[in-house]
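*Asks:* Produce the complete structure using the sequences and hints provided.
2 protein chains.
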Amino acid sequence: MLPDLRTAIATVCLSGTLDDKLAAAAAAGFDGVELFENDLLADRRGPAEIRERCAGLGLTIDLYQPLRDFEAVPPDVLARNLRRAEHKFDVMAELGVQTVLVCSSVSPDAINDDDLAAEQLHLLASRAAERGLRIAYEALAWGRFVNGYEHAWRIVRRAGHPALGVCLDSFHILSKEDDPRAIRAIPGEKIFFLQLADAPVLPMDVLQWSRHHRLFPGQGDFDLTTFTRNVLDAGYRGPLSLEVFNDVFRQADPYRAAVDARRSLLALQDSLGLLDVPAAPRATGYAFAELVGGPDLASLGFSRTGVHRSKPVELWTQGDARVLVNAEGEPGEIGALGIAVPDPAAAAQRAKVLLAPPLSRTAGPGEAPLTAIAAPDGTHVFLCADDDWLGDFVPTGESAPGAGITGIDHVALTQPFDNFDEATLFYRSVLGLEPGATAEFAAPFGLVRGRGVSGGVRLTLDAALVRRGGWAPAVPSPQHIAFTCTDAVSCAEALRQSGARLVEIPGNYYDDLAARTDLPAERVAALRARSVLYDRDEHGEYLHFYTELAGARVFFEVVQRIGGYSGFGVVNAPVRMAAHHEARRGR
Amino acid sequence: MLPDLRTAIATVCLSGTLDDKLAAAAAAGFDGVELFENDLLADRRGPAEIRERCAGLGLTIDLYQPLRDFEAVPPDVLARNLRRAEHKFDVMAELGVQTVLVCSSVSPDAINDDDLAAEQLHLLASRAAERGLRIAYEALAWGRFVNGYEHAWRIVRRAGHPALGVCLDSFHILSKEDDPRAIRAIPGEKIFFLQLADAPVLPMDVLQWSRHHRLFPGQGDFDLTTFTRNVLDAGYRGPLSLEVFNDVFRQADPYRAAVDARRSLLALQDSLGLLDVPAAPRATGYAFAELVGGPDLASLGFSRTGVHRSKPVELWTQGDARVLVNAEGEPGEIGALGIAVPDPAAAAQRAKVLLAPPLSRTAGPGEAPLTAIAAPDGTHVFLCADDDWLGDFVPTGESAPGAGITGIDHVALTQPFDNFDEATLFYRSVLGLEPGATAEFAAPFGLVRGRGVSGGVRLTLDAALVRRGGWAPAVPSPQHIAFTCTDAVSCAEALRQSGARLVEIPGNYYDDLAARTDLPAERVAALRARSVLYDRDEHGEYLHFYTELAGARVFFEVVQRIGGYSGFGVVNAPVRMAAHHEARRGR
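If you read the sequences in order, they're chains A and B.
Its first residue numbered 1, the first sequence is counted upward by one per residue in the UniProt record's numbering.
Its first residue numbered 1, the second sequence is counted upward by one per residue in the UniProt record's numbering.
Treat the hints with caution; some may be incorrect.
Derived coverage of chain A by chain B (criterion: at least 3 residues anywhere in the stretch with Cβ under 8 Å from a Cβ of chain B; other residues may be distant) [claimed, not checked]:
1. 9–17
2. 43–53
3. 194–205
4. 214–223
In silico contact screen, one side only, chain A against chain B (beta carbon under 8 Å); selected entries [stated by the list, open to error]:
5. Gly-56
6. His-87
7. Lys-88
8. Arg-250
9. Arg-449
10. Leu-465
11. Tyr-509
12. Arg-516
No wet-lab data here; the hints were simulated from the structure.
Just so you know, even glycine gets a beta-carbon here, dropped at the ideal spot from N, CA and C.
*Replies:* Take a look at the structure:
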């Protein structure tokens, strides 16, 4: 029997007024919230009315955290703290919340004395118990004297009061690389609360890291699955609650952020075997990529090999690369991706459980039923079985000789500023793709953050690090499809002959390439002559070139991977971006 | 005789393509640039053409930095490095740049051997000298073995080559709190280059701090004046060159950023006594604040005491508070501030030298000539002598009893996302106001960063930490005028009686105030009854209340300062913001 854990989210994760936050949490399917003090203080409703509002939305209030710097203080400070606590207990009674969080002290008043801390927490717990409340004590990673969970637990154990337990927060534990296995030694009933947050590993002050850069589970670098398994193995059965301080989420649409948050917990439950859902699909490749509008695929050596039976869609192919061109919709962008999976129905079921927005599709008589979902950036993602869908296209019999393109290497999707982390989690959880390392680079109009996600298919996601302002060009975020070939230099030559509009790379780039590598002069000359870019890693090489923009925001790349090169030539992206910008400006 | 120092800016400071950057630097009046390798590589023009373009714009290329991890390496790496250097020397000859920067190595190949470093730098300098070039060696704060400027200088001295000197970068020195006084021991002719950057003091990894958070001099926490004085005392007479890596500047309009940058160097030169410009004005107070459109000042106890002789402007007064209401322009915002200064002509001359955009004004016959400049957020700033300008208003004879307002305490101007640091520097350099500490707080729609600037008058500047997206409310950035009073509770009572629309503060706020302070219950009750907010610091107390929005983006605050309280009640800003938002939504 799988434990059916409740889910909660701290109001501090979301943007807006308290009512915006509560409505968003409820709409996303959370069972409860952690109420942040500032959200309460700024609300016109009294605590009892807030309790009613939550109940009306189907939400419980699972935690409240109005107390700071409580324990191990001199008697006069203790008296003040107790007085404040009693005030807050009054509020808790009205709110109907049972558990109050007490974080380890960061105060200059604090004394390094575990016995004193235990004694004062015991006193607080006694007062709480009189009102049917309980105290969850948590070690902040930057606590003055108590900054590890095992230390907090020692103090709780020493205090020995039934209304006193610990709160475990994954950020405070994993940011310090504390071993979560010792959690199993804590009796489950003494773990009063569990706060979950992921984060990228960043070389910075832990307090700033915590306050600005937390992420929902699955979006960062922490192993939340192992962490949470330890907590469940200890016997904890309380809510899985998100406490994520993030500068971007804090100003994003709370309804959208709440769905992203809930998906993170569903994916975590799945990784723990607690969710009744089909396993992540194992993609076998791109069935197709679909373009809206009509870029010139003929000049890239593609043949128009099929026409859809009922829709204004053409099929263009070359080698194993298949591109659909849809005459309907906003022209000049990538409208859809077809991902080949062994069991589309199971993949669709998984997508539904993980809150991927379904797209309704109409299939004509005899046409393959296709399941489609919307990715965070609006791209339609089709889950296809093998090549069934090809039957929907009437063959034209057309067949051009081709230019050496053999398939689709990856698709590059530029993400809206707010959705970078959401997109990572979407592809990871819904489609089972694994994110690579995040890289940042300086593009002509500001910093860009990017990462690949892969597993059967490769995607790259990137976003401006700072939301674009008025100065940025009107087309800040082109998308592209990267095709594979076996010889980039000859493919570029063939495409140039057939009239493809390829991006010209400055001579300065090749002068530098000659200076910084040991490539033979004739190799550099061949790359220079065809504007082919070059990268290498410890496993191999990457040769690639680009077309000019072929629509409102689409272009193409052709890549040749040599050896085990696993990247995407990101080092060359600024040169490509500048070239695209110059070409646009020149037109 | 003041040394006439040239000014330069690194292309990496600015957004856009190389040509955007060069044009912006030239337009702002810089004499030269540091050319960044990536800007060169991405440009279609060869080095000789770039040299011509710079010459055409009146710019020299003062520094080029294509070499990394050069020194103290094994022989095979040295051979590769020298080969690369020779390639780059070819480029330098075409660019017409004489000085190349070599930063201390961060490579795992590097060896901790100063003799070897000196020997290899000597070899590089010999090669450079053969071409009439020279090497500036700089200690990166995160250099593997060489990370202090005195260490770099020891190696340069040991190498003993005339074409080898040091480059000093204020960030690398001041970020580590290295004492800049030892710079005076370096012979001026061995300081080949000076790079200037300010920064806020941030508790983070120095490399990330350097790459993302540098600021132009005068915008951060470093003492660039003392630093630069040491360099000049050593005898350096080369350019003052800005090398500022900043995520926001990198995506901002480069023309505007370049002016901000140039202003920072002019202000630095002024602080060193190197600029022939009148001293910063010593403001004596607000002459007036001007509103566009007509909020209801009568309900705040103001009297319409004058009408302008030639313009559709009314003068409203109460105590020493004077507010102009201008019927022309975009209604509902603060259009102008009148700052009283002893010598407006001198202040105007200073503003001009410091590149403050002048505003043309027409004065009717017999009217006081008023000098006005545009602040970064577009607010007009008038520089007024005493009360001369009052003569432009025909007295009405009207006089209401008033509600206890006695003057203007401060004006709060919300800054556009990109202009927060520019605004700080503008008010600091042009008007001589001193910035206070920067504070960040969580507002309902995202984090806000704010700081006060003061000196005779007080201003607060704040900006969203992340540029606002679609979710943020349509009026995200109201401005306000804060009036002084001597008794906030009775003033609030009087204004409520006279029909002023004051913001209602939630009862939860007062429950918390009672819990966390020792204020007498009757005091809390009095504040609660009038929706007066409360703050205290170690010097005194602050009582304040707000009106609802009185125009498109304007409201008013009334404050009572008790004792030496020096803040602005920032702790209460989120409650105020939520209340304003609820009131707007409710209407």
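*Asks:* Evaluate each hint against the coordinates.
*Replies:* For each hint, the structure was consulted:
| no. | hint | result |
| --- | --- | --- |
| 1 | 9–17 | holds (count 4) |
| 2 | 43–53 | holds (count 5) |
| 3 | 194–205 | holds (count 4) |
| 4 | 214–223 | violated (count 0) |
| 5 | Gly-56 | violated (19 Å) |
| 6 | His-87 | holds (3 Å) |
| 7 | Lys-88 | holds (6 Å) |
| 8 | Arg-250 | holds (5 Å) |
| 9 | Arg-449 | violated (11 Å) |
| 10 | Leu-465 | holds (6 Å) |
| 11 | Tyr-509 | holds (5 Å) |
| 12 | Arg-516 | holds (6 Å) |
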